[in-house]
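Q: Work out the full structure: start from the sequences and follow the hints.
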Amino acid sequence: MPASDVQTDQATDQPADQPAILVDHVSKIFGSRRAVDDLSLSIPHGAFLSIFGPNGAGKTTLLRMLATLSRPSEGRIVLGGIDIKEHPEQAREHVGLISHRSMLYDDLTAYENLMIAARLYGVENPDARVRKLLDAVELSHRSMDVVRTFSRGMTQRISIARALVADPDLVLLDEPYSGLDPHAVDVFDQIIATVREGRTFVMVSHDMDKGLAACSHVLVMARGRKAAFAKKEEIDFDAFSAFYKKTVGMGVA
Amino acid sequence: MARSVQVKTPSTFTEYKILLGKDLRREFRTKEMLTSMGIYSILVLVVYGAALSQSSQGVDVLQMSGGLLWALIVFTSLLGLNRSFEHEKENGCLDGLLLVPMDRSVIFLAKATSNLLFMLVVEVIAVPLYFFFFLTGAPVSDSWPLLVWPLIVGTIGMAGIGTLLSTITVNTRGKDVMLAVLFIPLIFPLLYACVSAATVVLVGGDWQTTYLTSLALAGGYDVIMLLLSWVLYGYVISA
Amino acid sequence: MAQTNKNRRGQMPSRGQTASRGQTALSTADKIAPVILVLGAILSVLGFVLAFTIAPPVNGARVDGIAIIGDQMVGNQMLFSQKIFYFHMPVAITSFLALGVAAFYEIRYLMTKDSDYDLKAHLATEVSLVFVVMVMFSGEMWERFEWGVWWTWDPRLTTYFILMLLVIGYFVLRAAVDDPEKRASYASVFGIITFIDVPICFMITRLVPSSVHPTIFRTDSGLSTEMMIPLMCAMFGMLFISYGLFRWRLRTERAQEELDRMKQTLDE
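Sequence order for the protein chains is A, B and C.
Position in the first sequence counted from 1, then plus 5, gives you the numbering used here.
Position in the second sequence counted from 1, then plus 15, gives you the numbering used here.
Position in the third sequence counted from 1, then plus 37, gives you the numbering used here.
Worth double-checking, as some hints may not be accurate.
No more than 30 Å apart at the CA atoms, straight line, and that leaves these computed lysine-lysine pairs for DSSO-like [as the list claims (entries may be wrong)]:
| # | chain 1 | residue 1 | chain 2 | residue 2 |
| --- | --- | --- | --- | --- |
| 1 | A | Lys90 | C | Lys219 |
| 2 | B | Lys190 | B | Lys23 |
| 3 | A | Lys231 | C | Lys120 |
| 4 | B | Lys32 | B | Lys46 |
| 5 | A | Lys236 | A | Lys250 |
| 6 | C | Lys219 | B | Lys32 |
| 7 | A | Lys237 | A | Lys251 |
| 8 | B | Lys46 | A | Lys215 |
| 9 | B | Lys46 | A | Lys90 |
| 10 | C | Lys120 | B | Lys190 |
| 11 | C | Lys300 | B | Lys104 |
| 12 | C | Lys150 | A | Lys90 |
| 13 | B | Lys104 | A | Lys137 |
| 14 | B | Lys23 | A | Lys137 |
| 15 | B | Lys32 | B | Lys104 |
| 16 | A | Lys90 | A | Lys236 |
| 17 | B | Lys190 | C | Lys68 |
| 18 | A | Lys250 | C | Lys219 |
| 19 | A | Lys236 | A | Lys251 |
| 20 | C | Lys300 | A | Lys251 |
| 21 | B | Lys23 | B | Lys104 |
| 22 | C | Lys219 | A | Lys231 |
| 23 | A | Lys231 | A | Lys215 |
| 24 | C | Lys68 | C | Lys120 |
| 25 | B | Lys46 | B | Lys104 |
| 26 | C | Lys150 | C | Lys300 |
| 27 | A | Lys250 | A | Lys231 |
| 28 | A | Lys137 | A | Lys215 |
| 29 | B | Lys104 | C | Lys219 |
| 30 | B | Lys32 | A | Lys137 |
| 31 | A | Lys231 | C | Lys300 |
| 32 | A | Lys237 | A | Lys215 |
| 33 | A | Lys236 | A | Lys215 |
| 34 | A | Lys90 | B | Lys23 |
| 35 | B | Lys23 | A | Lys215 |
From chain B, some residues computed to sit far from chain C (all C-beta separations above 12 Å) [said to hold, decoys possible]:
| # | residue |
| --- | --- |
| 36 | Leu49 |
| 37 | Val89 |
| 38 | Trp159 |
Simulated from the structure, these hints should not be mistaken for lab results.
We put the CB at the ideal spot given by N, CA and C, even for glycine.
A: What follows is the structure, encoded as structure tokens:
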């Protein structure tokens, strides 16, 4: 794909035969530490991958590499046919990240925050797009209030809207449930369900039940390596929990 | 599948305007940088008042005033620069900016510009106050309006290198001290040249050569350091 | 991309990511490092001895008639303290050279993100710090005995003082960042700026005309052969010592890294 090829229509550079995410022998090394160690994966379009593993297993490192926030030391990552090392900017157009940190400016209003994002991504008719998103997360009535006055759950909803502003194909969720009360978790799930269609999701979460409920694929990581990878329908849940306890136990020891 | 949202990558200048606008709007709403820097500069002047109280007014202070003025500016700027990335760090906003498909040096240019503007606004208040408190009785040379050039050149250099360094120090432990430790030795040459230029226009006499040499050297420092910061910024911010 | 570049020209030990960096067999550079260190020490000592024996005493601060430096009268003196010069100049050059080597590795690090370059840059800066402190010390002695003042903001002294602060700042910065990748990038960027800032500092402090006390411009007058021999001995001695120190530190650090890696493997 030539770098000069300005993609205005995102549909054209998404060949159907390309996996949404291709992780090819990726490692993240620093000094004597291997945060991610020779990991390979292929995820089809429209899948929902849940990544589990103990602390320090390299889940967040992998997610940050997928988000182009961190560069792999070895191997390559291809998102929907775009190599993120060669065309990081093109890849970024297709990625949205929802993290436990809101990425919003506390002193600006919800509308202003979203407008900044929309204009930076170059969304055409940003005002209409932002209003539509605010409607979708049911916060139109608070759009002119500064984010500082919002509850954690409301902030998280604006954060979703921010991630979706340029209509990404790939949505990355980094511990999205942390700090949310049960009601906010339900609202979060509902909103994700409405935007689920036609997008690929990757979620890192400590919440086993939530993660398993939503996903189509499961990846278990331990010490930076792939401990298990399977489609959800292939998983025997009892065996899986026993296995997971074992890997996590091993990881923590 | 066809996407419902049309995206057209904005020009670098548009991105710059958006980022700068964001900083200015935040500041306009909270006024945290300007108030803290403004109050701090007045407090430094109060300390000067005590420090100079035993010196004979007029000529003595005039000889030192270039240096004192720059000490005021350095410490005040340090305070502002320290805070300039605080709100970007708070909610991980910096990650949000890095996710946007744009050149990272735009972030540097926008931040350096907003820091420069805040520092200049504070100088517009602090420098006249300095004159009012310490130089009203002194035989200030007629060339004093030329003070504005060293102020501008010096502030540009400090804003540029300061923006790069505060991006580094916001991620370190003990960041307030850290910025000073890195910033002050690095700007020493700039400070040296600016103090010289400021002093000669205030004292007067045969000032032209000294003034122009100092100003040219300060300008050279600015050009080299700004280019260097601009080139290296991508490595710092995406680390 | 697991290229294992074994011993590039015998200087660069294998720096492939997957290959073990702590060598089981010593590389050529590591083998000759102790020899060079000893040779450097001998040369330096020889240089000093020669400086006191064959180098003739020369005029001290070459000022015309009598000058005032820092409120002290300084005449045309024949000073024993001149001998400090044979130590001072080689050390000063070596310290700046070490900083240049560090800057080179810092640039390489930013280009490749290979932590081995960061280690080398770190160690080169460490060596540089040792020499910078020696420069400050010998410079201070020089100043006291030759110029008769404890401190003056002379361009060279000022520059070295700032340089010392910057190098110390480099280590303070390293100590204040936990994430190894961030630490390496920040330190590299700061190191490169330092390397550029120091000559600018010298230029500006020298060229800005100062109204308060005129800078004494001293051009080091031509050196006779008797002076060149001890100077060159000390010069090469210091260079060898710095290289030996660098390799020695590199070897211990790599052994440490290897140990960490083995510990980690054992844990699993």
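Q: Which of the stated hints cannot be reconciled with the structure, identified by number in ascending sequence?
A: Hints 2, 3, 8, 9, 10, 11, 17, 18, 24, 35 are the ones this structure does not satisfy, whereas the remaining hints hold.
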